[in-house]
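One-letter residues, chain by chain:
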Amino acid sequence: MSANDFNTPITPELVKEHGLNEEEYKLVLEIMGREPNINELGIFSVMWSEHCSYKSSKKWLKTLPTKADWVIQGPGENAGVIDIGDGQAAVFKMESHNHPSFIEPYQGAATGVGGIMRDVFTMGARPIANLNALRFGEADHPKTRHLLSGVVEGIGGYGNCMGVPTIGGETNFHASYNGNILVNAMTVGLADADNIFYSAAAGIGNPVVYVGSKTGRDGIHGATMASAEFDDDSEEKRPTVQVGDPFTEKLLLEACLELMATDMIVAIQDMGAAGLTSSSFEMASKGGVGVELWLDKVPMREEGMTPYELMLSESQERMLMVLRPGCEDAAKAIFDKWELDFAVIGILTDTKRMVLKWHGDVAGDLPIDPLAEASPEYDRPWEPTPKQDRIDPESISAKVSHVEALKTLIASPDLASRRWIWEQYDHLVMGNTIVRPGGDAGVVRVQGTNKGIAATTDCTPRYVMADPVEGGKQAVAEAYRNLVATGAKPLAITDNMNFGNPERPRIMGQFVGACQGIGEACIALEFPVVSGNVSLYNETNGVGIMPTPAIGGVGVISDLGHHATIGIKRDDSALIMIGA
Amino acid sequence: MKARVHVTLKNGVLDPQGKAVHHALQGLGFDGVNDVRQGKFIELELDGTDAAKAEAEVKEMCEKLLANTVIEDYSIELA
Amino acid sequence: MKARVHVTLKNGVLDPQGKAVHHALQGLGFDGVNDVRQGKFIELELDGTDAAKAEAEVKEMCEKLLANTVIEDYSIELA
Amino acid sequence: MKSAVILFPGINRENDAIAALEQATGTKPVVVWHGETELPKTDIIMVPGGFSYGDYLRCGAMAAKSPIMRAVAERAKAGVTILGVCNGFQILTEAGLLPGALMRNASLKFICKNTHLKIENADTRFTNQYKAGDFVDYPVAHHDGNFFADSETLDRLEGEGRVILRYCDANGVVDPATNLNGSQRNIAGIINEAGNVLGMMPHPENAIDPLHGGTDGRNLFKSLVEAAS
Ligand SMILES: Nc1ncnc2c1ncn2[C@@H]1O[C@H](COP(=O)(O)OP(=O)(O)O)[C@@H](O)[C@H]1O
Numbered sequence: 006m007s008a009n010d011f012n013t014p015i016t017p018e019l020v021k022e023h024g025l026n027e028e029e030y031k032l033v034l035e036i037m038g039r040e041p042n043i044n045e046l047g048i049f050s051v052m053w054s055e056h057c058s059y060k061s062s063k064k065w066l067k068t069l070p071t072k073a074d075w076v077i078q079g080p081g082e083n084a085g086v087i088d089i090g091d092g093q094a095a096v097f098k099m100e101s102h103n104h105p106s107f108i109e110p111y112q113g114a115a116t117g118v119g120g121i122m123r124d125v126f127t128m129g130a131r132p133i134a135n136l137n138a139l140r141f142g143e144a145d146h147p148k149t150r151h152l153l154s155g156v157v158e159g160i161g162g163y164g165n166c167m168g169v170p171t172i173g174g175e176t177n178f179h180a181s182y183n184g185n186i187l188v189n190a191m192t193v194g195l196a197d198a199d200n201i202f203y204s205a206a207a208g209i210g211n212p213v214v215y216v217g218s219k220t221g222r223d224g225i226h227g228a229t230m231a232s233a234e235f236d237d238d239s240e241e242k243r244p245t246v247q248v249g250d251p252f253t254e255k256l257l258l259e260a261c262l263e264l265m266a267t268d269m270i271v272a273i274q275d276m277g278a279a280g281l282t283s284s285s286f287e288m289a290s291k292g293g294v295g296v297e298l299w300l301d302k303v304p305m306r307e308e309g310m311t312p313y314e315l316m317l318s319e320s321q322e323r324m325l326m327v328l329r330p331g332c333e334d335a336a337k338a339i340f341d342k343w344e345l346d347f348a349v350i351g352i353l354t355d356t357k358r359m360v361l362k363w364h365g366d367v368a369g370d371l372p373i374d375p376l377a378e379a380s381p382e383y384d385r386p387w388e389p390t391p392k393q394d395r396i397d398p399e400s401i402s403a404k405v406s407h408v409e410a411l412k413t414l415i416a417s418p419d420l421a422s423r424r425w426i427w428e429q430y431d432h433l434v435m436g437n438t439i440v441r442p443g444g445d446a447g448v449v450r451v452q453g454t455n456k457g458i459a460a461t462t463d464c465t466p467r468y469v470m471a472d473p474v475e476g477g478k479q480a481v482a483e484a485y486r487n488l489v490a491t492g493a494k495p496l497a498i499t500d501n502m503n504f505g506n507p508e509r510p511r512i513m514g515q516f517v518g519a520c521q522g523i524g525e526a527c528i529a530l531e532f533p534v535v536s537g538n539v540s541l542y543n544e545t546n547g548v549g550i551m552p553t554p555a556i557g558g559v560g561v562i563s564d565l566g567h568h569a570t571i572g573i574k575r576d577d578s579a580l581i582m583i584g585a
Numbered sequence: 002m003k004a005r006v007h008v009t010l011k012n013g014v015l016d017p018q019g020k021a022v023h024h025a026l027q028g029l030g031f032d033g034v035n036d037v038r039q040g041k042f043i044e045l046e047l048d049g050t051d052a053a054k055a056e057a058e059v060k061e062m063c064e065k066l067l068a069n070t071v072i073e074d075y076s077i078e079l080a
Numbered sequence: 002m003k004a005r006v007h008v009t010l011k012n013g014v015l016d017p018q019g020k021a022v023h024h025a026l027q028g029l030g031f032d033g034v035n036d037v038r039q040g041k042f043i044e045l046e047l048d049g050t051d052a053a054k055a056e057a058e059v060k061e062m063c064e065k066l067l068a069n070t071v072i073e074d075y076s077i078e079l080a
Numbered sequence: 268m269k270s271a272v273i274l275f276p277g278i279n280r281e282n283d284a285i286a287a288l289e290q291a292t293g294t295k296p297v298v299v300w301h302g303e304t305e306l307p308k309t310d311i312i313m314v315p316g317g318f319s320y321g322d323y324l325r326c327g328a329m330a331a332k333s334p335i336m337r338a339v340a341e342r343a344k345a346g347v348t349i350l351g352v353c354n355g356f357q358i359l360t361e362a363g364l365l366p367g368a369l370m371r372n373a374s375l376k377f378i379c380k381n382t383h384l385k386i387e388n389a390d391t392r393f394t395n396q397y398k399a400g401d402f403v404d405y406p407v408a409h410h411d412g413n414f415f416a417d418s419e420t421l422d423r424l425e426g427e428g429r430v431i432l433r434y435c436d437a438n439g440v441v442d443p444a445t446n447l448n449g450s451q452r453n454i455a456g457i458i459n460e461a462g463n464v465l466g467m468m469p470h471p472e473n474a475i476d477p478l479h480g481g482t483d484g485r486n487l488f489k490s491l492v493e494a495a496s
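In order, the protein sequences belong to chains H, W, A and U. One rule links them: number in the numbering used here = place in the first sequence (from 1) + 5. One rule links them: number in the numbering used here = place in the second sequence (from 1) + 1. One rule links them: number in the numbering used here = place in the third sequence (from 1) + 1. One rule links them: number in the numbering used here = place in the fourth sequence (from 1) + 267.
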């Protein structure tokens with residue numbers, strides 16, 4: 006496709022390649038009032054992918070409880086925000102990078118960590134803790150060793166370089182993940198409660214500014230890939246892998262926080278999946294404005310890039326901002342200091358349309374709201390998971406002694422020590438780590454105070470498999486307990502819903518059940534959902550993963566003089582069991 | 002026998018190291034540099050004298066371990 | 002003009018990466034490998050056409066930045 | 268007592284360094300940006316840990332060429348106390364202020380954990396609050412802490428009492444089994460000939476608060492203050 010060939014004929018095959026079904030394409034024609042050009046088709050394709058549009062999950066996510074007195078921002082922004090007292094806020098979210106990590110474990114995991122950190126610092130928060138929830142195939146599956154070591158190195162490679170301690174996580178092994186591992190990364194940030202940044206664009210005529218790394222041909226169609234089932238050929242889709250540059254992200258973090266200390270930013274959004282497309286559409290849609298983008302002004306890494314590629318590239322370490330008018334030079338000076346690209350690439354308009362300009366020509370012209378807000382929403386058919394039979398413990402004969410059984414348990418990959426993993430993560434940088442990995446939840450001190458933030462990730466997929474509602478509840482309850490066990494008051498959760506193909510009613514039923522269970526537990530515990538992420542189509546050759554709604558919980562310890570750790574402190578201590 | 006293997010990033014793949022080195026060279030006043038790419042260079046000492054066999058074996062090593070063919074290309078020279 | 006720079010560890014300097022690669026190759030069943038050394042391969046795109054000048058400049062880049070001459074040797078090819 | 272912390276792009280343990288220096292000296296250190304060419308007058312200069320320039324090419328290589336390093340080298344010559352920790356150690360070796368080089372850990376893995384260290388020489392401005400033969404507990408967090416120098420240099424370092432810290436176990440045993448990262452002769456920290464520049468891989472600044480799980484690092488900073496006052 007040459008640079009200004011906007012007239013590539015739109016064939017049914019091309020539409021299909023872009024992951025749009027017939028109904029969806031009909032809707033495209035209706036919205037456009039004409040046939041889209043290739044750039045526009047590409048934009049519909051990524052905006053309406055499962056990954057960006059949440060079309061299968063939206064209906065159910067809306068049922069989750071999201072409110073409490075301490076919730077400043079619930080789901081819908083880059084990350085959730087809760088009040089932690091003293092004018093401070095905790096900003097956090099969890100996000101999956103499952104498919105890219107299976108294809109290239111190091112880079113997939115690394116860019117997953119980079120992405121979630123951007124989600125948090127876009128909101129004006131300095132990341133202060135990372136966690137991750139990992140699921141691999143069986144320990145002796147030929148791929149597991151390679152995937153595990155690559156993922157762990159990737160998480161460490163990015164997080165360590167950023168100087169954010171990785172303080173916890175969880176790791177499981179099960180055959181259902183043999184061909185589809187799960188890599189969920191969570192970041193907790195700290196912000197001033199009165200200086201949170203949002204993504205809604207405002208101010209007709211205000212400049213739209215691009216900062217960070219240059220755009221290359223990375224991960225084009227990554228977002229659509231993340232929503233497509235795997236088959237044995239998918240290892241061939243490799244060149245879409247993005248390479249992370251944590252050094253640049255560290256500079257981007259410092260530069261953004263420096264700019265955020267001024268009052269120059271009107272709105273800001275990181276460029277994650279579907280890059281410039283989703284960031285610009287989301288900002289415009291939330292603000293009810295239009296945008297004119299001058300794509301030829303986008304900093305480019307390679308020659309001959311097309312508008313299509315620029316709109317769909319998933320190059321990492323980039324941000325889109327709307328600035329107050331006249332601030333361009335002062336803002337640029339900050340990015341110059343940090344040696345990052347800075348370019349004014351457009352302007353806000355009152356048209357509620359996205360107009361893409363390419364050296365003066367119109368390369369695309371789309372209405373914003375129908376793409377962003379009125380994307381397809383499905384009420385997919387679902388069936389509940391049949392109840393399991395109750396097993397009578399008397400009916401099982403003890404084949405081995407208690408000691409043998411205990412040894413087997415301790416040696417099992419699911420229970421073995423995870424030290425090998427977390428020793429590869431810098432869990433001490435920033436000098437505020439109070440409870441290190443290896444306990445129930447990690448705890449970091451809020452710099453300069455005697456207050457701590459506790460964070461944990463939890464889920465037991467086989468419980469969810471057996472009974473999605475109860476399993477969903479249990480995951481929330483476990484997160485709650487892990488926080489309490491450090492002395493923290495649990496405040497809110499983020500969730501990462503990893504499931505198989507939602508077009509299968511049984512799997513959709515798992516999703517619906519888990520949402521119900523999570524919702525019930527959250528209400529019972531006053532532990533609302535403030536952010537989250539959905540990853541569907543996690544299956545290989547038609548076999549789905551175990552349903553895995555990973556829960557990331559956050560709580561606050563008001564006085565670190567009274568925190569608790571897992572170790573037994575004295576050898577004459579009495580052990581007491583409490584609870585049901 | 003000796004094998005020399007070059008492992009380089011595929012075209013179009015971001016090279017953060019090359020980028021940083023380029024920048025540092027500019028900082029040191031080397032203005033005439035237009036691009037820098039950083040790769041790996043691996044030297045192997047091999048048993049045997051059959052070049053064709055060695056080449057096939059090194060190729061297998063590259064595919065299995067030395068190169069990450071998702072993002073890297075490799076080339077082999079025997080000496 | 003293009004310059005290709007090889008940076009390799011000096012003789013006698015222990016090479017942890019080479020050693021680990023060697024070990025991993027053995028683990029994969031490649032028994033015929035006697036030694037592995039890992040170095041860097043840096044490609045530079047240069048302005049200008051004067052080979053002698055370019056060579057001198059790249060040499061300076063190596064001395065100043067690209068190689069750590071305490072532990073590394075370098076070699077330069079122009080193309 | 269005045270101190271300065273040098274900040275390169277990609278450094279990430281500067282706040283840990285600042286906290287430790289502030290605790291020991293009673294005043295907040297001045298932070299100096301890598302692009303500066305002059306240093307304020309201070310008694311102590313610390314080059315903190317992190318990933319300057321992403322650890323790309325070689326750890327510390329690009330930072331060592333920053334404009335500010337010329338000023339640091341001058342201060343080193345003038346006898347000012349200079350402490351390089353982790354990436355700071357790598358930068359000081361790359362800048363030629365300390366001998367040797369730091370290579371990839373023998374395990375090839377990043378290692379973050381507490382380790383025991385033997386104080387080999389307590390008669391320095393960095394260790395005067397310890398006793399020779401003491402062993403202390405600091406964390407490490409690095410990917411490239413594998414100290415290398417040729418045997419001549421190593422002999423010299425040892426002969427001149429310039430090996431300050433070695434990796435050991437809880438009983439102070441220094442042997443290959445307690446060598447955390449493959450460093451020649453278990454070396455974790457060395458000083459320059461004049462004795463005013465220390466480079467070390469472990470992080471005393473992450474062991475200064477009971478909430479860190481230990482305060483063994485405090486005496487290192489106290490030593491600096493003691494020596495400078
Ligand atoms: N991927 C990981 N990253 C960081 N820490 C981890 C990771 N996996 C496990 N851990 C740590 O190891 C400990 C035990 O892990 P695991 O058994 O999976 O979790 P749990 O105790 O919640 O069942 C926890 O303290 C956890 O923080």
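These are calculated hints, taken from the structure and not from any lab test. Some hints here could point you the wrong way.
As the list claims (entries may be wrong) - To be clear about the criterion: a stretch of chain A counts as covered by chain U if any three or more of its residues have a C-beta under 8 angstroms from a C-beta of chain U, and this derived list gives those stretches: (1) 3-15; (2) 44-53; (3) 58-71.
Remember, it's a predicted structure, so these values are computed and weren't measured experimentally. Virtual Cβ for every residue (Gly too), placed ideally from N, Cα, C.
How the hints compare with the structure:
no.: 1; hint: 3-15; in the structure: holds (count 3)
no.: 2; hint: 44-53; in the structure: violated (count 0)
no.: 3; hint: 58-71; in the structure: holds (count 5)
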